[in-house]
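Q: Residue numbers (numbering that gives the first Met the number 0), protein chains in the order written: chain A, 0 to 297; chain B, 0 to 248.
Covered, in the sense of this in silico footprint (three residues per stretch, anywhere, with C-beta under 8 angstroms from a C-beta of chain B), are these stretches of chain A:
1. 49–61
2. 83–90
3. 98–104
Read the hints as simulated data drawn from the structure, not as lab findings. Using N, Cα and C, we set each Cβ at its ideal position, and we do this for glycine too.
Each chain is listed here by its residues.
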Amino acid sequence: MIQVRELTKRYGAKTVVDRLSFTAKPGQVTGFLGPNGAGKSTTMRMIVGLDAPTSGDVLVNGKPYASSKAPLREIGVLLEAKAMHPGRTAVSHLLTLARTHGIPRSRVGEVLDLVGLSTVAHKRVGAFSLGMGQRLGIAAALLGDPAVVMLDEPVNGLDPEGVLWVRNLLTGLAAEGRTVMLSSHLMSEVSLIADHLVIIGRGRLLADTTVADFVTAEGVRVVTPAPDALRTTIAGPGITVTSTGVEELLVAGTSARKIGLAAAARGIPLFELTPQNASLEEAFMDLTRDAVEYEASR
Amino acid sequence: MKITPGGVVAAEWTKFSSLRSTWITTGISALLLIAFGMIASASLSGDNLTSIDLALSGSALAALSVGVLGALLGASEYTTGMIRATLTAVPRRLPVLWSKSLVAGAAAFVTMTIGAFVAFAVGSAVLNDKVAGLGLGDDGVLRALVGAGLYLGLVAVLGVALGMLVRSSAGAIAILAGALLIVPGLAALLPDSISEAITPYLPSNAGSAVMALTPADGTLAPWAGLVVFAGYVIVTLAAAAYRLKRNDA
Ligand SMILES: Nc1ncnc2c1ncn2[C@@H]1O[C@H](COP(=O)(O)OP(=O)(O)O)[C@@H](O)[C@H]1O
Ligand SMILES: [Mg+2]
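Chain A extracted, bound-state conformation (with noise of 0.2 angstroms):
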């Protein structure tokens, strides 16, 4: 379990992480996401204690991450690509990670085979691609068999083959009861395998919901040959209704069942009823799009 309490950190004038607060729980996997820039790679280099905080804290299976006596126990990371030694090999680097905590030789070979580089242990990582470079990260994530598994943007340099794998592992170590946390910049990476999703922007936190809740936000879509007699049907607390087309309504803070059943109950014929699974993509840009630290210039 990771526990983020109103986490803030600054640079200087800047605030790149601004009060943020979220729970990751055991057996779920959290999808962390948030354009590039929104302060994802600080709040995790906060949470293993890389970064200190300019204020609020964070807990690591309930205790500050440095109390630890088996830090590599209580939780994998894999941070950035390549954060090794070009000059050592695959087995060396994890060995000097092993070390610290008496971890057996024989569970580097483990990791090593459990990513696919045991046939590459013993080059040198400089000489590694960025996915094989990113595989050696996620084997020295699991070197110390974690509670808790959190990957910062695992995916980036993998081919499609390794990006399925990197899915059905992470959702295996869900399966396990462990706690995994995932971050992404992009929607669709995270959307077919997180739980629960918390998305950030500007360091602040945008949303904190699971995947099937964050679509249904987005409306419904109804076509009528009466909009206005539905509109005034419809009306109540929390329900918005924009006008899209001559006969089309976007009808959004209720559910296509109960739009229907109100429709029905008043006699105005629907030609259309459609949940807007505007994809999730669409979703995410939408709220994130004031949040983007760089956009393209045009």
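Please arrange chain B with the ligands on chain A, whose structure you already have, making use of the hints.
A: Positioned in the frame of chain A, the structure of chain B with the ligands alone reads:
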């Protein structure tokens, strides 16, 4: 399975021994010590030069070389990004600095002590006849040879501390070379009264005092000199520890 001081030392030893560059630099340091000792013993003579001075005449270059080794070990954590992995495994941080210093210092001490004895043996064998030979049993000889190992071991620790402090290989090496080689030259440019007062306490002068058979004019006593040099190392280590603990990785 938990983190232990011995485990962190073992991990740092794995880091040290798993890089080819470590072995190359260590080998070069020993070679410099022995080769210069041999050449000087065969060819140089002078008023106050003893056969120990000649045998250890490579010590200044060997010091630079083991210092660079330490600096690279410390700074490469940052230049490669390895520090992130290192500190997630050891989030208390300071054990990493102590263990890295211990490993680099002990490795340099062992190899350079052996190197000093070899340089003395080889140097004695080829010693030119204008200089009187010495044996291991003669006054101060053992102290000078073991002292050379201790001084060079401390230089390696100084390198580690500088590397971890400035986080850049070039910066650490520049400071190291400046402190060991350039500062004594600059001090000589000062007015005599000031220069004479501070020269014995400059890092390389103080540290080298332990390698002299008898203290020359204007140098510290052997062990006093080594203690002064150890003081510089401790202060640098303290600064490195402070930065390691306080700054973001
Ligand atoms: N050490 C640092 N000093 C100054 N600014 C930083 C530092 N690290 C990150 N930032 C800034 O913080 C913001 C968030 O960065 P980051 O956490 O890497 O975002 P993300 O991982 O979501 O792309 C960016 O604007 C970045 O430039
Ligand atoms: Mg990032």
